[in-house]
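Asks: What follows is each chain in one-letter form.
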Amino acid sequence: MSHVLVVDDSVSVRRLITSTLRMAGYQTIEAGDGQAALTAVRSAMPAAVITDQNMPNLDGIGFIRAFRQMPGSAGVPVIFLSTENADTLKQKAREAGAIGWMTKPFDDQKLLGVIRKVLGR
Amino acid sequence: MSNDADDLFLIEARQLAESLEAGLLDMKSRPEDRTLVDSVFRDLHTLKGSGAMFGHTALATFLHDFETAFDAVREGRFAVTAALIDLGLRACDHAVTLLEGGEAAPGQALLAELTALISGGDAPAAAPAEEGAAPEEGAGSGDWQMAFRLAADCLVLGARPQVLLDELRALGATDLNPDFDALPTLIDLEPDRLYIGWRLRLPGHVTEAEIREVFLFNEEDLRLELTREPAGPPPEVEAATAPPAAGPVAMAAAPTPPAAPPRERTMMRVPAERLDEMMNRVGELVIAEARLAELVARTGDAQLVAVAEEIQRLATGMRETTMSIRMTPIDSITSRFRRLIHDLNGALGKSILFEVEGEETELDKTVIELLADPLMHLIRNSADHGLELPEVRRAAGKPEAGTIRLSARYSGAEVVITLADDGRGLDVGRIRARAEERGLVAPEAELDEQATLALILQPGFSTAETVTELSGRGVGMDVVKRTVEQLRGTIEVESVPGQGTRIHMRLPLTLAIIDGLLVEIAGERYTIPLAAVEHIIELPEEHAKRGDGSRFLNIRDQLVPFLRMRELLGSEGPPAPFQKVVVATAGELRVGLTVDRIIGSSQTVIKQLSPLHSTLKTFSGATVLGDGSVALILDVPQLVAFGQIRDSMEAA
Chain A
19 MSHVLVVDDS
29 VSVRRLITST
39 LRMAGYQTIE
49 AGDGQAALTA
59 VRSAMPAAVI
69 TDQNMPNLDG
79 IGFIRAFRQM
89 PGSAGVPVIF
99 LSTENADTLK
109 QKAREAGAIG
119 WMTKPFDDQK
129 LLGVIRKVLG
139 R
Chain Y
645 MSNDADDLFL
655 IEARQLAESL
665 EAGLLDMKSR
675 PEDRTLVDSV
685 FRDLHTLKGS
695 GAMFGHTALA
705 TFLHDFETAF
715 DAVREGRFAV
725 TAALIDLGLR
735 ACDHAVTLLE
745 GGEAAPGQAL
755 LAELTALISG
765 GDAPAAAPAE
775 EGAAPEEGAG
785 SGDWQMAFRL
795 AADCLVLGAR
805 PQVLLDELRA
815 LGATDLNPDF
825 DALPTLIDLE
835 PDRLYIGWRL
845 RLPGHVTEAE
855 IREVFLFNEE
865 DLRLELTREP
875 AGPPPEVEAA
885 TAPPAAGPVA
895 MAAAPTPPAA
905 PPRERTMMRV
915 PAERLDEMMN
925 RVGELVIAEA
935 RLAELVARTG
945 DAQLVAVAEE
955 IQRLATGMRE
965 TTMSIRMTPI
975 DSITSRFRRL
985 IHDLNGALGK
995 SILFEVEGEE
1005 TELDKTVIEL
1015 LADPLMHLIR
1025 NSADHGLELP
1035 EVRRAAGKPE
1045 AGTIRLSARY
1055 SGAEVVITLA
1065 DDGRGLDVGR
1075 IRARAEERGL
1085 VAPEAELDEQ
1095 ATLALILQPG
1105 FSTAETVTEL
1115 SGRGVGMDVV
1125 KRTVEQLRGT
1135 IEVESVPGQG
1145 TRIHMRLPLT
1155 LAIIDGLLVE
1165 IAGERYTIPL
1175 AAVEHIIELP
1185 EEHAKRGDGS
1195 RFLNIRDQLV
1205 PFLRMRELLG
1215 SEGPPAPFQK
1225 VVVATAGELR
1235 VGLTVDRIIG
1245 SSQTVIKQLS
1255 PLHSTLKTFS
1265 GATVLGDGSV
1275 ALILDVPQLV
1285 AFGQIRDSME
1295 AA
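Residue numbers (my numbering), protein chains in the order written: chain A, 19 to 139; chain Y, 645 to 1296.
One or more of the hints may lead you astray.
[As the list claims (entries may be wrong)] Stretches of chain A that chain Y covers, calculated by requiring three or more beta carbons in the stretch to come under 8 Å of a beta carbon on chain Y: (1) 29-40; (2) 89-96; (3) 118-128.
Please keep in mind that the hints were generated in silico from the structure rather than gathered at the bench. For each residue, glycine too, the CB sits at the ideal point set by N, CA and C.
Isolated chain A (complex conformation) (with noise of 0.2 Å):
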């Protein structure tokens, strides 16, 4: 219960944000799509979820409901990435059992600023 879940199927954007996150000590875990992300749970529930919504497979509010169903997910913060702006995406991701959003592009320092204001640490 300590890790970081990273899901996003732009290798390059997993691996900006999981950088950013272990060079700030934080332990990261890697997924490439909603489904990979919910066998990575399975295995390890994690201390936050950082999820991409566009993805093949299962989609970010699909695994971000899926997750919600699983025991033990309670309690555990999913942020969700979005490229656009839009509303109704965002309530869809809150009604999944989202916890906030970011808009890419953000920068290390949000990043972090987010990271460190749902896991309190």
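Starting from the known structure of chain A, fit chain Y onto it as the hints suggest.
Replies: Just chain Y now, kept in the frame of chain A:
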């Protein structure tokens, strides 16, 4: 932002662009396929998103606008047409240009074209608005009185009220008290819901934006009351709750298509140099293992032998795995060809169909990459010179659309790649005339059809009477031939007048390590690639004498030219008794090579000859043997060709 991630982004962006291109091209044949539209859209979207993350603003802006316009297609308001695909492909090119730091200007024209194409539908939506920041008010007012209550389900979502309280304390909060008014009776209490609110006082110098910042991520269903104490200007009251969802927005979430079966395999991307390095190490391991085996065999210690055999088994497995890692299906380059055909279709006034067969056939990555340009050239040639104009084809009773077919299949340790067209075929007479004119062949020489066709592969040969924009780019067929031969492959031309031309390329599966047959000639050891060895016979008594003069062996009722390797290599002394003949093949042709002794098969790590020796025709490389000595690798295609030349000289 590490460089590592930047590099990764560029690689990924190119792959996305390629996938985008392939998706668009597939749309041509399956315009109704929703999954294609969705996948194109997803590629666009991912490229845009990561482009923005990595600071490629021009790219992100362009793709954003493009995506917005393209949305009409995804929502089914605009049908997939050839014009749309063409525009999409050009946009894809433009995106690649932008990635490489090119001009952003042409993008505007493309977008205008797209909007014009789709118009009738709605105009592209405006750029996204900035996230609403609360207006700043005059500072220097009295203290804040504040009460707040978080969404009841916020604990499940991962909110941490204690963190919020800590932050508020950091802002200088005082008089912090919980509010239990909403707490239900025990029987109605749900343990994972939050019933508690808080009241507090904050110093007046704190801005409202700072306060709101604390509640970032808890804005939904937040009940926040903020009151200025009447120390300064009139009190401001604000009861803020998050607004319900604004009206429908252009970018609604797409319903996820019933996705393809989930891929269970996880893939990893590895820089190619690391694989090369690994291959080199495995090569060294194979050599070291061979030395070990030899030393151990000398001691005769059974325990050591067992260990050495185990190591040999492991090394072989290691070698096979490493090679399989380097294998790439040829579909990694075929998408480029599809694009080429698309462009050629327009440029030549011909209608061309492109078919690919055996796309899953795998070859060493290096081989595939080196093959891309020659294949490109061959396809261009076929389209430009091979296929006739539609009216000519119609007159000849052929379908108006010409077909170019690329096929790949395994054949032993080789892959055969064939490029075929159903065009006019090669004109043997013209080739002969041109070759004589160019001095490539003596006027009196007799050549069969196969040999004449092979002339087009000679340097300095070009039949195109008018060099067109497309094929006249200075890369001749000789370059194709040279590339294939560098890859230790062979190339053959086959043509039927009026029916088309086929070019067969036979290529080894891998370049780095082969199974070799170790032989001895005049006390020196040589390696023959085992894949080329057809069989081995004893040299019949009547041919055994030196200078016997005979050139052919009767093998299973076929005459096979044979080369006395001792003579060819200029070795002195009498040959060993009971010489062997190794019959080796290249393509359809065979040659017998006389050797003194067969030593056995061995894993052969191919080392390139130095540039000084690279012109040697008899050898294709060298290898290091178990005892550390060097054996040269015989170049079978060259030797076969040599046998054939002598054959034709003999026949003349």
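Asks: State for each hint whether it applies.
Replies: So, going through the hints one by one against the coordinates:
For the region 29-40 of chain A, the assignment as covered by chain Y holds, since 6 residues bring a beta-carbon within under 8 Å of that chain's beta-carbons and 3 suffice. Counting residues of the region 89-96 of chain A whose C-beta lies closer than 8 Å to any C-beta of chain Y gives 5; at least three are required, and the coverage claim holds. For a cut-off of 8 Å, the count of residues in the region 118-128 of chain A with a CB near a CB of chain Y stands at 6, and the three-residue condition holds.
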